[in-house]
Each structure stands twice: as C-alpha cells, then as structure tokens.
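Input sequences plus hints: build the corresponding full structure.
Protein chains: 6
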Amino acid sequence: MITSLCVSLRVNGFACKPTATVSEADFSYAGLATAGDTNSTVVGSKASAATVEKIPGLNTLGISMARVDYAPGGVNPPHTHSRATGIAFVLEGTLEVGFITTANKLISKTISAGEVFVFPRGLVHFQRNTGTTPAAALAAFNSQLPGTQSLALTLFTASPAVPEDVLEKAFQIGSNEVDKIKDRLHPK
Amino acid sequence: MITSLCVSLRVNGFACKPTATVSEADFSYAGLATAGDTNSTVVGSKASAATVEKIPGLNTLGISMARVDYAPGGVNPPHTHSRATGIAFVLEGTLEVGFITTANKLISKTISAGEVFVFPRGLVHFQRNTGTTPAAALAAFNSQLPGTQSLALTLFTASPAVPEDVLEKAFQIGSNEVDKIKDRLHPK
Amino acid sequence: MITSLCVSLRVNGFACKPTATVSEADFSYAGLATAGDTNSTVVGSKASAATVEKIPGLNTLGISMARVDYAPGGVNPPHTHSRATGIAFVLEGTLEVGFITTANKLISKTISAGEVFVFPRGLVHFQRNTGTTPAAALAAFNSQLPGTQSLALTLFTASPAVPEDVLEKAFQIGSNEVDKIKDRLHPK
Amino acid sequence: MITSLCVSLRVNGFACKPTATVSEADFSYAGLATAGDTNSTVVGSKASAATVEKIPGLNTLGISMARVDYAPGGVNPPHTHSRATGIAFVLEGTLEVGFITTANKLISKTISAGEVFVFPRGLVHFQRNTGTTPAAALAAFNSQLPGTQSLALTLFTASPAVPEDVLEKAFQIGSNEVDKIKDRLHPK
Amino acid sequence: MITSLCVSLRVNGFACKPTATVSEADFSYAGLATAGDTNSTVVGSKASAATVEKIPGLNTLGISMARVDYAPGGVNPPHTHSRATGIAFVLEGTLEVGFITTANKLISKTISAGEVFVFPRGLVHFQRNTGTTPAAALAAFNSQLPGTQSLALTLFTASPAVPEDVLEKAFQIGSNEVDKIKDRLHPK
Amino acid sequence: MITSLCVSLRVNGFACKPTATVSEADFSYAGLATAGDTNSTVVGSKASAATVEKIPGLNTLGISMARVDYAPGGVNPPHTHSRATGIAFVLEGTLEVGFITTANKLISKTISAGEVFVFPRGLVHFQRNTGTTPAAALAAFNSQLPGTQSLALTLFTASPAVPEDVLEKAFQIGSNEVDKIKDRLHPK
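Chains as they are written, first to last, in UniProt numbering: chain A, 1 to 188; chain B, 1 to 188; chain C, 1 to 188; chain D, 1 to 188; chain E, 1 to 188; chain F, 1 to 188.
Rather than coming from a laboratory, the hints here were simulated on the basis of the structure. All the pointers check out, no bait thrown in.
In the BS3-like style, the derived pairs of lysine-lysine whose C-alpha atoms are separated by at most 27 Å in a straight line are:
hint: 1; chain 1: B; residue 1: 46; chain 2: B; residue 2: 182
hint: 2; chain 1: E; residue 1: 180; chain 2: D; residue 2: 105
hint: 3; chain 1: D; residue 1: 109; chain 2: D; residue 2: 46
hint: 4; chain 1: E; residue 1: 182; chain 2: D; residue 2: 182
hint: 5; chain 1: C; residue 1: 109; chain 2: C; residue 2: 46
hint: 6; chain 1: A; residue 1: 46; chain 2: A; residue 2: 109
hint: 7; chain 1: E; residue 1: 54; chain 2: E; residue 2: 17
hint: 8; chain 1: A; residue 1: 46; chain 2: A; residue 2: 182
hint: 9; chain 1: A; residue 1: 54; chain 2: F; residue 2: 105
hint: 10; chain 1: E; residue 1: 180; chain 2: E; residue 2: 46
hint: 11; chain 1: D; residue 1: 105; chain 2: C; residue 2: 54
hint: 12; chain 1: C; residue 1: 54; chain 2: D; residue 2: 109
hint: 13; chain 1: C; residue 1: 182; chain 2: B; residue 2: 109
hint: 14; chain 1: B; residue 1: 182; chain 2: C; residue 2: 180
hint: 15; chain 1: B; residue 1: 105; chain 2: C; residue 2: 180
hint: 16; chain 1: F; residue 1: 180; chain 2: A; residue 2: 105
Fair warning: this is a prediction, and the values are worked out from it, not measured in the lab.
Okay, here's the thing in structure tokens:
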C-alpha cells in the first residue's frame with residue numbers, strides 16, 4: 001500500500017518511506033531544547049533550525065521551526081527566507097523586531113515574552129535584544145526548508161566573491177570599505 | 001499603488017489594506033502571553049489561537065499559531081485541523097503526544113520542554129499532560145485559519161444534532177449511551 | 001524527452017514513466033463497476049476507492065474517485081479526508097448526507113438519485129441510506145489519494161491503542177464504556 | 001467570527017458568506033438528475049455542469065462535476081479544460097474515450113457502465129457513444145470552474161472571428177473550406 | 001546537507017543534485033539567441049523552447065521561456081499550453097495576437113516591437129506576422145514545461161489517429177475533407 | 001455568468017470584471033518598448049515593470065515581466081523578489097549575472113544577447129554590464145507582482161530607519177560608516 005506519510009529516505013531527493021517503517025522518531029526533535037551559544041557569532045545571536053533536515057517526517061508537509069537565542073544587545077541581522085513567511089513567539093526577554101516592505105517602509109515593534117510577530121514571505125527582517133538579559137524566540141515557517149539568506153554574509157562572504165564593483169555601486173562605497181567589511185565578516 | 005501586504009479590511013472576505021495604513025499592530029499579538037484557564041473545560045486543557053482573526057496581517061500568508069495549556073492530567077482531546085499541518089513545541093512540562101495514520105497506526109511519544117512534534121495535515125491527533133505540574137505547548141500551523149474540529153464535540157454536540165442512528169452505528173452503541181455522552185459533553 | 005505524463009513507476013515514491021511506455025491502462029479502472037458488499041461491515045456500507053493506488057496515471061494530477069454502497073439503513077460513518085474536498089453524486093436510492101462546520105453547525109440534506117452534495121475539505125461528514133432499498137453514491141476528491149479516517153475506528157481501534165485516558169476524557173465516559181466500544185468495533 | 005466556509009455572495013468576485021447564513025442549499029444541486037437533450041446539438045451530445053455557478057459552496061474548494069449525455073453515435077467533440085484534470089465515470093452505455101498527449105500520442109479506450117477514465121489537465125480529449133443505445137457519463141474536475149473550450153467551436157465560431165488566414169494556415173485549407181465549416185457550425 | 005536547488009539528475013523523474021555539483025551551466029541557455037528556421041514549417045513560424053528540458057536548474061521553479069520567429073505572413077497556429085499562462089514580448093516586427101475566452105469571445109490586438117500581450121492559462125491563442133519583414137517574439141510561461149498542443153496537428157495528425165467520426169462531427173465535415181486536411185498537415 | 005477572466009476592478013483588492021467588459025487593453029502593455037533612463041540612478045541601471053499594476057488582466061494569472069537597461073558599467077544591485085523566480089533574456093549587450101545560494105555559493109556567468117539565465121525564487125541576485133555599450137535584458141517572473149527589494153536601499157534608506165545598531169552589527173561597521181552609506185544612497 002502507498003503510504004500517506006512521505007518520510008524522506010534521504011536518497012534521490014525526498015522519496016517516501018513505507019508506512020510500516022515510519023516511527024515517532026521521524027516526527028520529533030529535541031535539538032531546540034537548549035539555548036544556542038550566542039558567543040559563537042560576532043552578532044550576539046545564534047539560530048538553531050528544526051527543518052526537514054532534522055525531522056524527516058516534515059517532508060512534503062510545508063512547515064518547520066527554529067529557535068534563536070540572543071545575548072543582551074545581540075542582533076539577528078537582516079535576512080530573508082526565500083520560501084516562507086515566518087512567525088516568531090518570544091520565549092524570554094525583550095526583542096525589537098521588524099521587517100521592511102517592498103515600499104521601503106519599516107514595520108517594527110518591541111515585544112516581550114509571549115508576544116508574537118509576523119515576517120511576511122521573503123521580506124527583509126531582523127530582531128535585536130534590547131534588554132539586559134538573554135532573550136530567546138521560537139519561529140515557525142510555512143516551508144519544510146525555508147531557505148535563509150543573512151544579507152551581509154551573503155553579499156560580502158559568498159564564495160566565489162560577489163564582484164567588488166557590484167558591492168561598491170550597491171552601497172556607494174569604495175574598494176577599501178568593501179575589503180574592510182569582508183575582513184570583519186570573514187576573517188582569514 | 002497596489003500593496004504587497006494583504007492586510008484584511010474584514011469586509012467582503014479578506015480584501016487588502018493600502019500599504020500606507022498598515023502598521024505593526026496588524027502583524028503582532030499579545031494574546032498568547034498568558035496561560036489559558038484549564039479549569040474552564042471538562043478535559044483539563046485550554047487552547048488560545050493566534051490566527052488571521054487576531055492578526056489581520058496574516059491574511060494570505062498561510063501561517064498561524066496557538067497556545068495550549070494543560071492541567072496535570074489534562075487532555076487536548078482528539079481533533080483535526082482541516083487545512084493545516086501542525087508542529088508543537090513544549091513550553092513547559094511533559095506531554096504524551098500522538099497522531100493516527102490513515103493506516104490506523106498510532107505514532108506517539110512523550111516529550112518535554114523544548115521538544116517538538118509534528119502532526120501531519122488533517123490527521124487525528126491529541127496531547128495529554130502526563131506530569132504532575134501544569135504543561136504548555138506552542139503550536140504553529142501552515143494556514144492562516146487551520147480549521148479545528150474537536151471530534152467528540154463535533155460528533156455529539158453539533159447543532160442540529162448528528163442523526164442518532166449515525167452515532168449508534170459508528171460507535172456500535174445504543175441510544176442510551178449516545179444520550180449519556182451528549183449529556184456529559186453538552187450539559188443542559 | 002521528458003514526459004508530460006507523470007505515471008507512477010511505483011518505486012521510490014511516485015516517479016514518472018517515459019511517455020513511450022504509457023498506455024490507456026494507466027488511465028482507466030473497472031473496479032467501481034460492481035457494488036461493494038454491504039454485508040461485510042457492521043455499519044451496512046462499503047466504500048471502494050479509485051485512487052492513484054489503482055490508477056497510476058492519476059499521479060500528480062490531483063483527483064480521484066470512490067464508490068460507496070449502502071444497505072437499507074446502512075451508514076457511512078463520520079469520517080474525514082485529510083487532503084481533499086469531496087463531492088458525491090447519488091447513483092441510486094436516497095441518502096441523508098451531512099457535514100459539520102468548524103463552528104459546530106450541521107449542514108445536512110436528504111438527496112436522491114442524480115443529486116450532488118459537497119463535503120468541504122477536511123470536515124467531518126457522513127451519509128446514511130434512509131430508504132428501504134440499496135443505495136449507491138459516486139464521490140470525487142481533489143487529491144490523488146484523499147486520506148480517509150473513519151473516526152470511531154481511528155479513535156477506538158488504532159494500533160497501538162490511543163491512551164484510554166484520552167478517550168475517557170474526550171467522550172466523558174468510563175473505562176468500561178471505552179472497552180465496550182472497542183470490543184464491538186474490533187472484536188477479538 | 002470569520003467563517004471557514006467561503007460561500008459566494010456573487011458580488012465583487014467570490015467573497016464569503018457569514019457561517020450563520022450558510023445552508024445546505026449552498027452545497028447541493030439537483031440539475032444533473034435528468035439527462036440533457038442530445039437532440040439540441042449537431043454532435044449528438046449534451047453537457048450539464050455543476051460548477052460554482054450552480055453550487056455557491058464550491059467557492060475556493062477546487063472541485064466540480066458535470067454530466068454528459070450521448071445519443072447513439074453522439075460525440076462530445078475534442079475540447080480542453082483550461083484549469084482542470086477530469087475523470088469520467090460511465091453511468092450507462094459504452095463510450096470510446098481518449099486524449100492526446102503533448103507528444104501527439106492518442107491514449108484511448110472503450111469503456112462501459114461503471115468504468116472510469118482520466119483526462120489529464122489541459123489536454124485535448126473527446127468521447128463518443130459507440131453503442132446503439134443512449135449513454136451517459138459523470139465527470140469530476142479539480143477546479144470549481146474548469147473552463148471548457150470546445151475546439152472546433154472556439155476556432156470557427158468565436159466572436160469576433162479568428163482571422164481567416166490563421167485558420168487557413170493552421171488547417172492548410174482554403175477560404176471556401178473555412179467558410180463551409182463556419183456555416184455548418186454557426187448557421188445564420 | 002540538503003540542497004535548496006533542485007537541479008534535475010534526469011533519472012527517475014526530477015530528483016535533485018547536491019549543491020556542490022550545481023554550476024552556472026544548470027541555469028543558463030544560449031539556444032534562443034538565433035532565429036528559428038521559418039521555412040521548416042508550412043505555417044511560416046518556428047518555436048524554440050527554453051524549458052526544464054534545456055535548463056536543468058528550472059526544475060521545481062515554475063517558469064520557462066520560448067522564442068518564436070515568423071516569416072512575413074507567418075502564423076503560429078492556434079494552440080494551448082495545458083499548464084501555463086504565457087506572456088509574449090515582441091522582439092521585432094508586428095504581430096496580430098489573440099486568445100479566445102471560454103465565453104467564445106476573441107480578445108486580439110496588433111502589437112509591435114517592445115509591446116507585451118498576455119495569454120491566460122490554458123486558453124486557445126495564436127499569433128501572426130502582419131508585416132512585410134520577419135518578426136520575432138519572446139514568450140515566458142509560469143511552468144517549467146508548459147505543455148503545448150498545436151490544435152490542428154493534435155486533432156489531425158495524432159498517432160494513433162483520432163477517430164474519423166469524431167473529427168467529422170466536431171467540424172461538421174465529410175470524410176473526404178478530413179482526409180484532405182490530414183494529407184496536407186501530415187504528408188506521407 | 002461568472003467570468004473566467006479575473007481582471008481587476010482595482011477596488012477592494014483584486015476583484016473580477018465581467019467578461020463582457022474585458023478588452024484587449026486589459027492584456028497588453030507598451031511601456032517596455034523604450035529603454036529606461038540609466039542616468040536617473042546612481043547605479044547606472046533602470047528597471048521598468050510590467051506587472052498587474054500595469055496589466056490588469058494579469059490578476060490571478062501568476063506571471064509578469066520587467067525590462068532592465070544598463071549603461072556601460074551599470075549595475076542592477078543585489079536584490080530579491082520575495083514571491084518569484086526570475087528568468088532573464090539579454091536583449092542587447094553583455095551582462096555578468098549571478099545569484100548566491102543559501103549555502104553562500106555564487107553561481108554566475110557572463111551572457112550576451114539572446115542568452116537566458118535563471119534566478120531561483122527569493123535568492124539574492126544581481127547583473128552588471130561588463131561591456132562598453134548599453135545593455136538591456138527582459139525578465140519574466142512567475143508572480144503577478146514579484147515584490148522586489150533592492151538590498152542596500154532596503155537596509156540603509158527604509159523609513160523609519162532600520163536601527164543603526166542592527167546595521168553596525170550586521171556589517172561590522174561603525175556608526176560613521178553607516179551614516180556615510182546612508183548619505184550616499186539617500187542624499188538629503
């Protein structure tokens with residue numbers, strides 16, 4: 001019988017496991033239970049994903065989660081999810097959150113534990129911990145693999161590099177300034 | 001200019017607000033910050049939704065959230081979401097969670113704070129607090145209005161009533177037993 | 001050349017057959033031509049499906065059919081299709097049909113041969129033969145595999161069993177009553 | 001409260017009715033119960049549709065039905081449904097049914113009462129009654145309004161007319177032959 | 001790691017290549033750079049496609065392109081794309097373009113270099129070069145493989161052949177006329 | 001009768017026009033025929049869109065186009081389309097085009113007139129004119145309104161402004177450098 005549960009075999013794309021061999025392990029994940037190490041990044045925040053890569057049973061189901069931890073003052077820098085809307089719930093602390101519309105309007109708010117905020121599909125958004133204690137948020141996405149691009153890293157640390165002239169024109173900065181940003185984001 | 005943000009005007013279906021009048025209030029919600037009253041139901045659990053009905057900016061975006069609180073021993077009884085897959089994150093306590101496949105196999109697990117579990121689209125599922133302290137979970141759905149049907153209530157308390165003969169045949173019980181369940185679920 | 005017909009090879013999920021090897025057998029099915037045996041079930045109805053499991057050419061096309069036969073007084077007990085809206089056409093006889101909305105309102109009607117009725121996506125619904133002769137209906141679904149859950153069977157005969165406490169709280173019945181229903185639905 | 005049933009108000013596109021005013025009449029239709037008049041067309045067949053235009057409750061649900069009746073020798077001439085896959089069930093009689101793939105291969109079969117056949121999304125297809133008695137089929141579509149184009153009528157009777165030169169080149173026929181077909185399909 | 005780029009391996013349907021082996025060759029195509037040979041067809045036009053068959057990186061992305069060249073007086077005869085809306089941009093020359101609605105209304109216009117025209121999903125449409133010099137158009141489709149059926153060829157040159165009686169009834173022509181069209185479109 | 005063409009009435013979201021009032025003007029656009037003024041921007045490129053805002057008939061059809069003109073050395077700076085995959089065809093000149101994957105790999109290529117390149121949904125991408133003459137490209141998107149965010153402008157010129165601290169942390173630059181970029185991109 002054809003299964004109604006399309007659990008990934010992790011070969012040849014995302015094929016489906018027979019129902020008989022599907023188990024609760026395919027649908028659960030414990031990796032969001034502990035805070036990420038916010039000292040491991042220069043921005044003071046750390047994201048941990050619970051996507052189809054960690055939960056095979058999410059295959060074809062169009063949803064996933066992530067946890068983000070923030071040191072005091074920590075920032076989850078501007079990024080996009082190419083395939084998903086996100087919605088975040090503050091687990092603890094206080095966050096300034098915001099997204100920018102295609103009309104270049106910033107929609108932002110400061111939210112505390114238990115409050116939620118929506119980041120519409122594909123739009124640039126960010127969060128930062130405006131409190132003096134650690135903060136944490138749980139985000140959900142309507143994609144099994146939302147496809148995150150952290151914009152400063154994408155632009156200045158891609159490999160091969162984005163042509164320097166493109167960055168200079170985009171930000172109206174000189175080659176020295178481009179190199180300085182690259183050095184700081186991607187130290188040799 | 002046509003907006004890229006389809007915030008509901010709440011008239012005539014879900015039409016869109018002009019971008020200029022959209023604000024952060026359309027994308028945020030504080031109603032999940034406090035625990036629901038688990039004494040208000042006979043099953044010892046209480047769900048609070050954060051759907052497009054509460055967050056107008058979710059309109060067309062295909063995602064929403066809910067919080068469920070559970071007294072010790074409390075149960076979120078078997079239900080379906082007709083339009084969504086759900087994924088739950090345990091905020092506190094310990095829950096036995098499970099869903100039944102279309103091959104009538106129960107997939108279940110006991111999970112604790114920080115763990116997540118997936119409830120595939122449309123399948124019957126439940127949670128219960130197996131601990132001795134209150135528990136809470138945050139659920140996300142890939143629909144702006146997931147469409148919940150709590151099955152015992154749907155079958156035994158709908159108005160007008162589901163024909164008694166249908167319930168008798170479905171559960172292979174007599175009319176007395178049907179009436180007893182109705183009385184308890186829907187006391188006059 | 002890549003085929004435009006994604007007929008299942010029935011290996012490794014639903015891959016596609018080369019066009020050259022596709023034939024009319026992939027797109028037809030004779031299994032709905034004869035009435036199901038309504039004596040084979042305790043509820044007096046029998047469903048026969050014509051899904052992608054029977055018609056390989058339905059793969060990726062998002063539609064399927066089923067035939068349901070009903071003895072006089074027979075019931076197709078409350079069930080859901082997790083992935084589809086259904087629409088039924090009465091082939092013969094008279095049926096009382098209905099679904100319950102998420103606002104717990106029963107929408108029902110008695111229909112005769114040639115009449116159609118819609119069961120919106122994922123909602124609990126049922127039919128019963130209110131006539132004194134056999135009845136039959138043809139249903140169509142907008143999914144190649146609609147995913148049916150007959151609710152009493154799902155709740156009381158899943159394997160492993162749904163925790164007894166969950167059923168007791170959901171229906172507000174005692175352990176004796178749970179066992180009685182289980183025995184009748186799933187005799188040893 | 002926002003309804004989960006998007007029944008058309010038939011104003012301003014397809015807006016939704018409040019749940020409270022939705023009734024069984026929005027979800028049922030009796031218009032397929034009687035055979036269409038196969039003498040009313042030159043091709044000896046007559047189609048009757050049960051789409052969102054007849055069943056307001058189908059709005060947003062992505063499914064509809066139609067009944068086609070065929071005189072002996074009658075033909076449902078080659079046509080497409082621009083938005084849907086179709087699946088047909090023979091109610092009575094014997095039909096030769098077929099579709100042509102994008103590789104220009106005809107997939108066809110003769111089917112009798114109770115048999116089903118699939119017409120993949122958008123592909124040109126036809127049926128004809130190869131028996132000596134009337135035939136009838138019930139078709140389902142995975143669109144609330146499948147969008148039918150009967151090809152000979154579309155090409156030769158559109159208003160304004162398709163440029164004569166386009167038809168001459170397409171069919172490699174002369175202006176006299178184009179006019180003859182037009183006259184027969186669309187007698188003045 | 002699971003790739004976010006589902007480049008086809010061209011085995012077993014459209015599976016995905018690991019990101020590490022994806023290159024710019026998977027996302028580019030030079031085959032539309034030169035005009036098609038409009039002398040190679042009886043209708044005076046020639047289409048060249050840039051679909052997933054030519055650009056493996058288009059797999060799952062839902063878009064493709066085609067170039068059509070037209071001799072003076074050349075016609076791209078009435079056809080459908082079973083899975084896509086098309087939008088055409090005139091590269092050079094002057095084209096009369098049109099589609100027919102399901103209400104049998106022709107919507108047409110003469111457009112010149114730099115102008116665009118839309119052909120809604122699945123509807124019959126055509127173009128012809130009304131100028132005295134060659135013309136060319138670039139079309140885009142919202143499908144990776146739009147599925148084209150040129151209607152006269154589909155109806156009169158499919159293999160096996162569409163039953164002659166079906167064509168006679170559809171176009172209200174005799175067997176001689178059917179054979180004449182077949183001979184001209186598909187010379188032996 | 002319900003129209004099959006959902007042409008916007010431009011009131012209350014995107015409602016549909018009756019078929020009788022739909023005309024060819026709803027499906028065509030001449031605004032891409034002339035080159036944009038590449039002197040009007042600091043980056044030496046100018047984009048002109050042909051979306052549902054310009055072509056009402058595109059409503060619900062999921063496709064649109066744009067033309068981009070580039071001065072010699074001009075750059076279309078890194079940007080995203082939040083709702084669409086893009087595919088570009090070079091009308092004239094030579095462009096270096098590229099996108100960055102979610103694994104931070106640059107996929108790029110230099111293409112000339114007649115060549116096409118794909119920019120997968122939501123990913124950061126750019127083009128620049130590497131030739132000594134003007135260049136132009138025609139892009140198609142699988143959305144009626146693809147939702148463009150030019151990243152440097154989004155980050156440094158949104159109103160209200162993105163918090164300075166967020167930009168400093170994201171790019172690892174000081175407040176002076178943030179202000180310098182803002183001044184150049186958004187001169188007072």
